[in-house]
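**Q** Chain residues, written in single-letter form:
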Amino acid sequence: MNSEGVDLSLAACAYELKTPLVLMRQLALELEKAAQPARRAEICQQMRLTAEKSLRLADNLTKAARLEEALFEFEPVQVAGLCREAADEMLLLARAKKQQVNVRISRKTAVCVGNRELLKALLVGLLDNALQSGPENGKIYIMTRINQGKIELAVRDNGPIVELAQFRRLQQSLGKFSRPIAARPLMSGLGLAVAEKFAVAMNGQLAISRHHAGGMTFRALLPVSRQLSILETLR
Amino acid sequence: MSYILIIDSDKWYSQSLANMLENRSVVVVGGPEEAMAEIEKNIPYMIYLDLNLGTRNGLTLLNELQSWTDTKTLPVVLLTPEAKRLNIKDWRQYGVAAILDKTGLTPDILRESLRYGEP
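Each protein sequence line maps, in turn, to chains S and R.
First residue of the first sequence? That's 0 in numbering that gives the first Met the number 0, and the numbers climb one at a time after it.
First residue of the second sequence? That's 0 in numbering that gives the first Met the number 0, and the numbers climb one at a time after it.
Looking at chain S on its own, in the form it has when it is part of the complex (with noise of 0.2 Å):
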């Protein structure tokens, strides 16, 4: 457990790195006999995008264990261009399991305050959970608002319905910097625990809700910044 409380323990990093490299494994194995060429190029290709996420977590871990130190500094943040960049980023991945990215932007929501690396790595990671539950032929979507004078950023995917009691586990572990849960399919307990401090640790919060229909809303409120507000109300 570190100082903010947030456990991010060798425990649950620990599963979390081993499902990916399992499925790796599992690659590998089949492509040692694998003969249609198709076929061995898409295995080379998952097992390139399964690494590339494994890193992206790793990455977001020594983040995390770098907030402490104080060394991402803070200031204005384009979301519409930090959207876009996320959705460009995960395009191959959201191809290869053929669903889609949209991003929705609202007009009114232009700069947050916040650490750029984070955000974007905060978002990314939203998607990574997205992109893993939905279905195929489903639409992610990247949203973002200004939601009670915050700006929100929204990651919304339709994947399988979420119980209601596994919902209520996963709401009460936010804000309470818990030990993380397997919220869904192959991680995202450690994942979610990440983008949590993350959040945190630009003075907003992360929060979920549900949909019936199937599917969840992850959303990150992050502090408006009021720099380019005030040049905006000056012209």
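If you're looking for bench data, these hints aren't it; they were derived computationally from the structure.
Any given hint could turn out to be false.
What follows is a list of derived Cβ distance ranges for each label pair [claimed, not checked]: (1) R/T102 - S/Q99: 30 to 38 Å; (2) R/R110 - S/A69: 51 to 59 Å; (3) R/N56 - S/Q171: 16 to 24 Å.
Glycine included, C-beta positions come from ideal geometry on N, C-alpha and C.
Based on these hints, arrange chain R on the given structure of chain S.
**A** Frame of chain S, contents of chain R only:
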């Protein structure tokens, strides 16, 4: 025609596993609801099940299978990276025939496990 049912929330993993079960009829699903939908259409002759299906627990499915006479004896092979921490004796009551360790699975081990589905 009967088939092997693989239930795993990681589609890439389950597809790769299915490819290793060459020359056999295999259906791959991501969770308990889809699994029951397939079973209701046609009962498989064995199931490979990853316990950790995230928000949808594999144990729920095992209990469901045990509650029906025509699925009670369906052999289930658990696939999990936490196999070392599980005791098969605790799982036999759920129709589990074997527990395979995902971290050490080989084509030979997988082929050997097919005997659980033999009549």
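**Q** If a hint holds in the structure, say so; if it doesn't, say that too.
**A** Here is what the structure says about each hint:
For the pair R/T102 and S/Q99, the beta carbons lie near 33 Å from each other, so the given range of 30 to 38 Å is met. Separation of R/R110 from S/A69 is about 55 Å and conforms to the stated range, judged on CB atoms against 51 to 59 Å. Remark: the range hint 16 to 24 Å for R/N56 to S/Q171 is upheld by a beta-carbon distance near 18 Å.
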